[in-house]
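First to last, the protein sequences are chains A and B.
Residue numbers for the first sequence follow full-length UniProt numbering, so the first one is 1 and each next one is one higher.
Residue numbers for the second sequence follow full-length UniProt numbering, so the first one is 1 and each next one is one higher.
Bear in mind the hints are in silico, worked out from the structure with no lab data behind them.
The reader is advised that the hints may include incorrect statements.
No distinction is drawn between identical chains; accordingly, a pair holds when it is met within one copy or between any pair of copies.
[To be verified] Listed below are the simulated DMTMM-like cross-link pairs for lysine to aspartate or glutamate, each with C-alpha atoms no more than 25 Å apart in a straight line: (1) 334 - 189; (2) 195 - 307; (3) 24 - 424; (4) 32 - 307; (5) 406 - 325; (6) 452 - 502; (7) 396 - 312; (8) 345 - 325; (9) 226 - 310.
Number of protein chains: 2
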Amino acid sequence: MTSVEHMKWWGWGVEGVAFEHSNKPDFAPFVKQAVGLDLRKPAQAHLSFDELTVPASRASEEFIAELSTLVGQGHVTTDDQERVVHTYGKSIRDLLRIRANDLPRTPDLVVYPADEAEVASVVAAAVAADAVIIPFGGGTNIAGSLDPQPTEERVIISLDLGRLDRVLSIDEGSGLATIQAGAQGPSIEEQLGAKGWTMGHFPDSFTHSTLGGWVATRSSGMQSDKYGDIADITKGLRMVRPNGIVAIRPVPSASTGPSVREMIIGSEGRLGIITEVTVQVHRTPAVREVLGYFFPTWEAGLAAMHEIAESDASPSVTRVSNARESGFSLATRKASTGVSAQVTKGLMKVLTARGWDLEQLCLSFIGYEGSASHVRYEKGLVGSIVRKHGGIGVGKGPGALYDQKKFDTPYLRDFLLDRGAAADVSETAAPWSRLQEVYDAANDAANAAYDKLGVHGWIMCHLSHSYHSGACLYFTFAFITGDDPIGEYEQVKSAIQQSFVDHGGTLSHHHAVGVEHSPWMEQDISTEGVAIMRGLFDSADPGSNFNPGKILAD
Amino acid sequence: MTSVEHMKWWGWGVEGVAFEHSNKPDFAPFVKQAVGLDLRKPAQAHLSFDELTVPASRASEEFIAELSTLVGQGHVTTDDQERVVHTYGKSIRDLLRIRANDLPRTPDLVVYPADEAEVASVVAAAVAADAVIIPFGGGTNIAGSLDPQPTEERVIISLDLGRLDRVLSIDEGSGLATIQAGAQGPSIEEQLGAKGWTMGHFPDSFTHSTLGGWVATRSSGMQSDKYGDIADITKGLRMVRPNGIVAIRPVPSASTGPSVREMIIGSEGRLGIITEVTVQVHRTPAVREVLGYFFPTWEAGLAAMHEIAESDASPSVTRVSNARESGFSLATRKASTGVSAQVTKGLMKVLTARGWDLEQLCLSFIGYEGSASHVRYEKGLVGSIVRKHGGIGVGKGPGALYDQKKFDTPYLRDFLLDRGAAADVSETAAPWSRLQEVYDAANDAANAAYDKLGVHGWIMCHLSHSYHSGACLYFTFAFITGDDPIGEYEQVKSAIQQSFVDHGGTLSHHHAVGVEHSPWMEQDISTEGVAIMRGLFDSADPGSNFNPGKILAD
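Please take these sequences and the hints and turn them into a complete structure.
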């Protein structure tokens, strides 16, 4: 069988790795006050795979045989666990469904082509047979971009790009790397890093997501302030369609009509199968530092991030958490050693003496990259802006810690689910002048939804990306679920999403549309904007063979 | 009648302004050696307007009356000069045709709506009457984006956006300005500047082009290295379509499927009429400087620009001319005063003593903006890179001069045309690693075309924009025309364009496609890329009412 590795069928990450709080003394009390969950109670055992009801594959023996001829024996499978792994992404809705044995429709077979030519032959065969093709990268999507439509009568193929995992070439003279779409984050950085390069793209899903998935969903990374969002990083690409290959060459900028590159970016498989992407890459910087800062209030932190974005400084990371999220971060620290605990205690005393309300304290991380002297220069520019807004630097320690554990948060979701609480995220971007309004509205919307549900819910926020004219706000929410976890989740999630579009924010800054966000498309990009996009999809895919129902519902 | 002002019907700019060489003693000898043209010979008189054969308008009295009801008496016209002014842009092909009384088809009427509501009513009426709509901004396009199709049997409306010329609002808290599409460059900067802001977009056509035109053609400005191309600057927009308005809200970045914003940018009127754009704007910088540099060779200049693009510096302008263009620039200087002539002579002596071949000298301009200390910091970073590549700084003088006359070049074209020589431009972008190859190929292609024509032709080049992974090369070519000026021009232009796409360059970095560049679309973005774009056009405009034949030929 294929050597492509997958995450747990029931949760995030690899088997054997899980969130652990026994070494984090402040965590249990924090969770108790945040959502009322008592961590001393035992976790619920979840279903074993054998308890799942997996629909039978609808693929005929002939079709399986045909595809096997194209990609080789062993690279086409109807195995139940393979099909379940390829059914959903990793949204809380996906996790709730799989834990509830809710599998109305799965892919009928999973195909692992070895290269672009095999992708092309599978696509041609699938369209000829009027089958549905859903491309699959790392399976990390949380917007429902991978869901097979429950009412789909045709054969559904999950086209797994996992074997297309190589950096094909680096144009060192241009800072461009051509990489196969199925390559995952760590593998890309390892292959590039061996030659002294980095792509600089580190989304939260980095450890398991793929380049093709990033492009197909308009991903952003933690260092996008410097390196750009994936739409900026993507210079060229190749996408397989039934009649041939779209080949966009890696030119730095072009005036060639409406951007086909920008039609493919974010297309979630609806226009074809992305096989190869040429991205801009950078020399590994001489110095890379993430510094921690404290601000006395959220408003002060927000104002500082805005002024940094307007300034001559260009840090790689600008992040500030609100007071609740700062409290959460501090609660997930490991038990401090005597010295570090003393330092923290001392610092808090100083801040209190300065008149800070420690309940309002906001933790910020700002990243710097470049030559030693450039990093020094940028830290100087940023430092004076931070001070102007009443903030103080707290050094490299917190930043290094953030850097180490930045990819661990998804494991916490499974931990909470095991204990009856659902946690998920909603994120948006809006102009600077409307950020506080969006922030207030989202908090109010979540709390109103919690009230309606009669639950003790939690919502926290950080600013995760800064631009000249606005920023991304990233909300995390959690509550103890009742009889209808998905229905309850949808109430909270919908309320937050609606608050975004009602107050000048977009339905998503970097998590894509899928089926979860498609109800807000018309409100976000207007009815006529949707009409243009629908025309694009219908003309490019008249038979609705490519991931139908995503982005725009049928 | 309308107060909207237009350029000369027969050439660039306003009546009464023309290129003048009597105060530029080196110019006539330069032109003599470059293209063999003797400027002592008298200029040819061009046609008077009365000598033109202007096709009659095909618009019915009823249709004119209907449109007059919508936009008011006096804002619909079938006047010959109005229709001629709205027939072409300002490419050399356009100028040759108008001078040759070659007007097979003009718009049948010109309509000047006052606002978006009037644009919407005109669009609805036009589509209901199965008329063709060609939007018109400043009329500066040089790719044939405005040409009525000669075989068009339907009524053609030139929809002039000139009355939509206001900055509607500035969101000072976000650095965003909402501006009407018909506003021209100087008016935009004046309205923004009065409140301390700048858009920072200065294309060569700046004095007469409009925001809507910039967006519809993917324009770039001279300071785009810092401010971004128009695609980066455009955050939100509104576009009128027959059934309603596409409204894209100004969010800094979004993950909402294929980018409708990026479909409209570059659409040249094929998807609808852009009426309003929300752009990012910046506080007028405290310091703005353009410094001149000399490099001993083109290769050295190119290498320096590349290293600057890779460095921690971020200048606003990076420009280097090849030896030929440097010679041209020096030849267009006004007669030097005694002192400045002495200084130049002295400098050249020093360079010769250093071993420079002055025939190879390349002139470069690099721009800096920001706080005084930031400009100082950036100049330091750039200065050491320049020195590393054997270049030297020549101070503010040449930069200030470049800054003053940067918008004057188009007048020179008319001057040469009056004397029997055609001059035009071709520009491309390519990865850094292929720039020298593209440069060599374009020069070879032009010279081969000249040989075939048996003319003494000229081609010169500058690098005009730098990016992390590549740059824009901008070629200017000129020759004395023979019996078939347009045919001869097309031979040279085609040879250069073909060399671009054959060597990894795009067919245009910032001049759009129109009809001049459409033959290379499949070679540039691939057959399947064109198929996707054609599907977009066909689905959005099933009746082919919106500027048909542009970007992709019918």
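Evaluated hints:
For the identical chains of this complex, residue 334 and residue 189 are neighbours neither inside a copy (28 Å) nor across copies (55 Å), given an alpha-carbon limit of 25 Å. In this homomeric assembly, residue 195 and residue 307 come within 25 Å of each other (Cα to Cα) only across copies, at 19 Å, whereas the closest approach inside a single copy is 36 Å. Within a single copy, residue 24 and residue 424 get their C-alpha atoms as close as 22 Å, which meets the 25 Å cut-off; across copies the closest is 70 Å, which misses it. With identical chains, the CA atoms of residue 32 and residue 307 are never at most 25 Å apart, being 37 Å at best within one copy and 55 Å at best between copies.
Taking CA atoms no more than 25 Å apart as the test, residue 406 paired with residue 325 passes inside one copy only; the shortest distance there is 14 Å, against 52 Å between copies. Proximity of residue 452 to residue 502 under the C-alpha cut-off of 25 Å is restricted to the intra-copy arrangement: shortest distance 20 Å within a copy versus 64 Å between copies. In this homomeric assembly, residue 396 and residue 312 come within 25 Å of each other (Cα to Cα) both inside a single copy, at 23 Å, and across copies, at 22 Å. Taking CA atoms no more than 25 Å apart as the test, residue 345 paired with residue 325 passes inside one copy only; the shortest distance there is 19 Å, against 67 Å between copies.
Within a single copy, residue 226 and residue 310 get their C-alpha atoms as close as 14 Å, and across copies as close as 13 Å, so both meet the 25 Å cut-off.
Against the hints set out earlier in the document, violations occur for numbers 1 and 4.
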